[in-house]
Every structure is written in structure tokens, then in C-alpha cells.
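Participant: Protein chains in written order, with my numbering: chain G, 60 to 165; chain A, 172 to 826.
Some hints here could point you the wrong way.
Derived BS3-like pairs (lysine-lysine); straight-line CA-CA distance at most 25 Å [as the list claims (entries may be wrong)]: (1) Lys343/A <-> Lys755/A; (2) Lys159/G <-> Lys792/A; (3) Lys792/A <-> Lys85/G; (4) Lys554/A <-> Lys640/A; (5) Lys250/A <-> Lys365/A; (6) Lys747/A <-> Lys343/A; (7) Lys84/G <-> Lys159/G; (8) Lys792/A <-> Lys84/G; (9) Lys85/G <-> Lys159/G.
Source of the hints: derived by calculation from the structure; they are not laboratory data. Since this is a predicted model, take the numbers as computed values, not measurements.
What follows is the residue order along each chain.
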Amino acid sequence: MIPIEYWLVFSSLLFAIGAYGVMSKKNAIVVLMSIEIMLNAANINFVAFSSYHTTLHGVAEASGQVFALFSIAIAAAEVAVGLGIILAVYRRYQTIDVDKINILRW
Amino acid sequence: MLEYAWLIPVFPFVAFLLISLLPKRTLFWEDGGGYAIGGAASAFIVSMLVIWDVINGHTLTGPAAPEATWLVIGSFTIKFGIWIDQLTALMLIVVSVVGTLVVIYSGGYMHEEGGRRRRYYAEIMLFISVMYGLVIASNYLEMFIFWELVGLCSYLLIGFWYEKPSAASAAKRAFIVTRVGDIMFMAGIIIIFKYVGSFDFETLFHGGGFASMPANMQTLSTALIFGGAIGKSAQFPLHEWLPDAMEGPTTVSALIHAATMVKAGVYLTARTYPLLVATPDSLILVAVIGGVTALIAATVALVATDIKRVLAYSTISQLGYMILGLGAGGYLVIHASTPNGYSAATFHLMNHAFFKALLFLCAGSVIHAVGTNDMRLMGGLGKKMRITSTTMLIGALAIAGVPPLSGFWSKDEVLAAVYHAGDWDPVFTLLWILGIATAFMTAFYMFRMWFLTFTGEPRSEYHAHESPKIMTVPLMILAGLAIVSGFALFIGQGFKGFMAGAIGDTPIHYEAEPLGDIAVEIFTDPLTYVSLVLAVAGILIAYRIYYMPGFDRSVFARGVPGAFQRALENRWYISKFYDDFAYKVVYGFSIVADLFDRYVIDGMVNGFAYLGANTGNRIRKAQSGNVQRYASLIVVGIVLLLIFVIYVVPWGRGL
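Assemble the whole structure, with the sequences as input and the hints as a guide.
Facilitator: Right, here's the structure in full:
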């Protein structure tokens, strides 16, 4: 049995990597991928706590896993929408560099 | 009946509301003239009932009078009450008679004004209402409120033809100049309030409150209250607004600027008498201002060419007489305990209201027929306007002081009072000389006006005709009053005995003497013949110069008389002085104020605006439109928040 702390450290690192990607990458596709990484970090937390709950009380606790599944489904939808937006932006501006898409200001 | 006296101002006020608020098609006759006559006549009837009670010896003053609480400030209450004594009754006679007749006369005079008559009648009704309010007020504050309201109505009515620049500026001038006096009046009552703690006539006139004030404050307060009268009654040096006020309709001049509102100043002085007799220095001021005004205004009237301006200066001059009579009368009350001066001045107030309203309405009838105010363009109207010329002759004889018309009795009484006051202060002897000089000039300029208007040949093209009955009937009534009102001196207990009751606590030793004796006294006194001879001389000189042919009037335009005449035509340069003062001093001050406003005040406002705009300009750079930067800031913010919650909050709790 791997202790819960390991999972948490792992998911935190994964989340941090995702956040770093969102903040620093210029390519919108890479930003979208980074968001996926952050979502998966959250999923790992769900599953880890679900398993931890079972260990503590000796009773199977499924809600964490159910939420992870929900989250995966939502992530799929989000990717579809996100890619759609990126495609529309590309058609309009011929670029997907997020530094250049900055007209929504002032 | 007296306790219902508060109804008097209510009737005209209701008429004012009806005329101003009803739909146009329900105004009926003369666009509201019917309501106006109704309101004025109702007030007239109630006034007459009240006056009848007062003549029968009843008065209603002090705590017995009905009153309504207006304001409660801490333990101090301000009340609206009524104060009916002989002086109030006298003013009620004037306002009700002249007010009603003028409103009737307006039915003819204002006929051609069309839809604007509605505004005219509404304003006239408001004026009559607040004028009644002024004369029945029972404390200085209430009086002051109505005092300001009559000033407002005067402003509105002088500016009735507001599209004419001269009328608009005359209205403003009247308002601003009288405001100078009003400020003094207010300052006076504030001083009294500071020491006595009350505005009520009852407390001030009958209690010991006023006597407990320091002597110099007593003098200052009464002098300042008289300052209000200087403004309202157009006394020197604030008299120049009244001739300009002639820009309004003639009916307004007759009602407001001859018979009622300008009398408010005299009324105020007479009402303040119990306080004035305690301050002889103020009485000297009152008398000197009155005497100087009477003379200065009469001299300017000698050369005025505008028929209404002659009457306006004449009004100022006669008001000066009343003020002079009151000033001298105070000395008689103090030293001789007789009400002679007081009764003479108030008597002149009543008589003057009748004959001056008559003269103004006659002038209105002439202007209505000829279409100009300039006497140089008139002449020969006597044959075409028999009623107007006859009634105006009666008015002119009355004001000139020819017996047995009303002006003779009261003017003679005033001059006699001034002469007798000379026994206690020589300044009154000097003022008496000014007074008789004025009497002479009055007779001269009145007949100059009459001859220029009604005799000789027409000096311009016009088709004059007599005015309609609605205008001539009030003229005839007023002419009748101008003839008989002087005999009030001999009715009942005599006018002196009547007015003696209004002076207040000051001991008056008035013994009713047989009324025949009063007449004998008047006609055996050489002073009577001095003023009578001067009046007749004035009339004869006017007759020689302006009626008989062959007099070369150009001698007045050359040499010393010419210089004198030019000074008079320029109204002693007093008006010019005010204009120059307004232009140079006030304008200079305005420039400084303007610069201060533009550079200091505006500079501060602009500075703040610039500060805001500049800061915003810098801060908006943060909103770059770069989503990744926003995300970074959010992360940094959350991290900082977590650090705060995890480390700082428990640390703080541990302290």
C-alpha cells in the first residue's frame, strides 16, 4: 500500500507542471494540454482519497472514483470546446500564439 | 368680527390660486379679472367690517388675538398672529379701497394685453393678499416675511413687460435696491431678538424687554429697522428705484408704487413707534431723511418730462413728508405728549394713498388714450377727456394743498408738527423750511404737469378719446375720496384721538377738544397761511409759465439756471453715481472674483480631474489582454492567500 502522502506529492507536482504550462507556453494547443494535466492531477487526488477512506474505515467508498470518472468526461467535453475555440481563433487571426491574441483589454 | 380679520388676506390668495391654476376656458371675463374683482371685493367687505369695529373703539392685540404656531425651536416658538389696532385699520382702509378700485380699473386698462392678463391678475391678487398680511402681522418676523413677499410681487409686476429691456432692468433694480433696506431691517430685528428673545409686538411694545437693552443697541436697532423703511418707501439715498419702477403698467404704479407697498415703510416706522420714542437719536435720523428726501424728489419732479416719473418723484417727496412727520411726531410724543405728528403723518398716508392713486390712474387713462408717457408730446387733452382732466385736477389740487381738499389738512398738520418740534431741537426748524419749500414746488410741478397734459394745442398726432366707464368710475370714486377724506379730521372723536390709541404705552395726554376748535385752530394759525400762500403761488407760477402764451421757457436752459436744470434732469447724478459705482467698483471686484474662480477654484477642480485621469491611465496598463498574465496573477494571489491563511492567521491567533 502506497501511503497517501506520495500520491499527494505526485499530484501536486503534476498540478504545478500543468500550471506552469498554462502560464508560460505560447502555443494555445500546449496550453490546453497543460490544463488537461492539471485536471488529471485533480483526478489522482480524488482516487487517492477514495482509496485512503477505504483504508481508514474498512468500508469501500466509491464516490471519489465516481467523481474522477465525471471529471474525465467533462475534460473530454472541455477539450472539444477548447479545440473548437482555438480553431475559430486560428481561422480569424491565422495564429494560435496566445501572446498575440490580446485584443480583449482596456 | 375682529378675530376673523385673518380671513382678509385669504380671499385674494384664493383668487390668486384660482386664476393661476384654473384651465384657461374657465377664467371667463378678462382672463381672470372677474375672480380678481371677486377676491378684492370680498377682502374689501371683511376689511370694512373690521374697520367699523376699530372705529367703534375695539382693538385686538396681544395674547387675545388668534394665532397659529409656525415653528417650534427648542423652547422658542414663532407664531403667526394678527394685530388689529387703529394703525392697522388705517392701512386696511388704504389697501382695500385702492386695491379694489385698481383691480376694477384694470378691467379696462389691461384689456389689450390678451392672454397675459392672467399673469397680471394672478400677481396683483398675490400682492394684495400679502399686503394685507403685512399690515395685520403681529410680530416682526411675520411682518418681514410678508415684507419680502410684497417686494417679490413688486419685482414681478414692474417686470410685467419683461421683453422690454428697460422694464427687466428696472425690475431688477427695484428688487436689489430695496434688498439693501431689507437687510438693514433684518439686522435690526435680529439685534432686538438677541437682547429680548422675541419678535412679538406684544413683548416689545408693552413689556420691559426693549428697555433692558443697552442704549446704543436700542438706537442701532431702531435705526436699522428704519433702514428697511428707507428701502421700501424709496427714501434718500435709496430712492432711485421708484422712478424706474414706472416701467410697469400704470395700474401697478398706482397700487404698489404709490398707494400701498411704498407705504409699508411708513407703516413700519409708525408701527415701531413705541421703540422709536425711546431712541430720540433715531427719530432725528428719521426726520432728516424724510425732509431731505421730500426736497430732493420735489426738485427732480420740476423738470421730469415723463408723466409717470413726475408722479413717481412726487410720491417719493410725499413719502418724505410722512417720514418727516413721524420723526417730528416722536419729539412731540416725548416732550409734549401729544400725538399730533404721528396722527398727521398717518393721516397724510391715507390721504396721499387716495389722491396719488387717483393721479396715477388718471395718468394711466391719458397714456391709454395717447399711447405715450412723454408730456412734451401731449397737450390739449382737456376737451377730449373731460372726466379724466377734471378728476386729475381734483387730485392735483389735493396734493398741492388747496382747501378744503384732503391734502391741505394733512400736509398742514405735518408741517405744523415739524414746526412745533423745532422747540426742542433746532434741526426741525430747518426741516420745516425744507418742508414748505417742498410744498411750493409740489404745487408748481403738479400744475405744470396738468397744464402740459390737458391745455394748449396737441403737440403730436393722436386721436384721444375718453376711457371706458370701467376706468372712469374708479377715477370718480377716488376723486370723491380725495375731496372728503380730509374731513376725517373732524369725524367722531377726531382723527388725532383715533390714532392716539395706536402709539402704545407712552403716556399721551390727548384731551378730546370740540371738533370746531380744531378747525378754528388751523385757520387762526399763521403757519397755515404760509403753506397756503406758497401753494397758491406755485399754482400761479405754473399757470404763467405753462398756460399763458408768450413765456419764453428757454431762459431756463441758459447760464446758472441751465446748469441747475441739467443737474435736475440727471436726477442730481444720484442714479449715475449708482451706475458708475456698479460699473467701476462692483465690476472691478467681479473681475478679481472671476480670476479667482477661474484660476484657483477651477484650478483645484481641474487638478483633481487630472490626478484621476492620470492615475487611471497608468493603472489600465495592467489590463493587458494577455490571458496568461491573468492566470499567473491568479496563481500568485492564491499562493499569497494560502501563505496568509496557513502561516499568518495561526500566528496571529497565538498572540
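Participant: So, for every hint listed, does it hold in this structure?
Facilitator: The hints, checked one at a time:
{"no.": "1", "hint": "Lys343/A <-> Lys755/A", "result": "19 Å, holds"}
{"no.": "2", "hint": "Lys159/G <-> Lys792/A", "result": "16 Å, holds"}
{"no.": "3", "hint": "Lys792/A <-> Lys85/G", "result": "21 Å, holds"}
{"no.": "4", "hint": "Lys554/A <-> Lys640/A", "result": "17 Å, holds"}
{"no.": "5", "hint": "Lys250/A <-> Lys365/A", "result": "18 Å, holds"}
{"no.": "6", "hint": "Lys747/A <-> Lys343/A", "result": "16 Å, holds"}
{"no.": "7", "hint": "Lys84/G <-> Lys159/G", "result": "12 Å, holds"}
{"no.": "8", "hint": "Lys792/A <-> Lys84/G", "result": "22 Å, holds"}
{"no.": "9", "hint": "Lys85/G <-> Lys159/G", "result": "9 Å, holds"}
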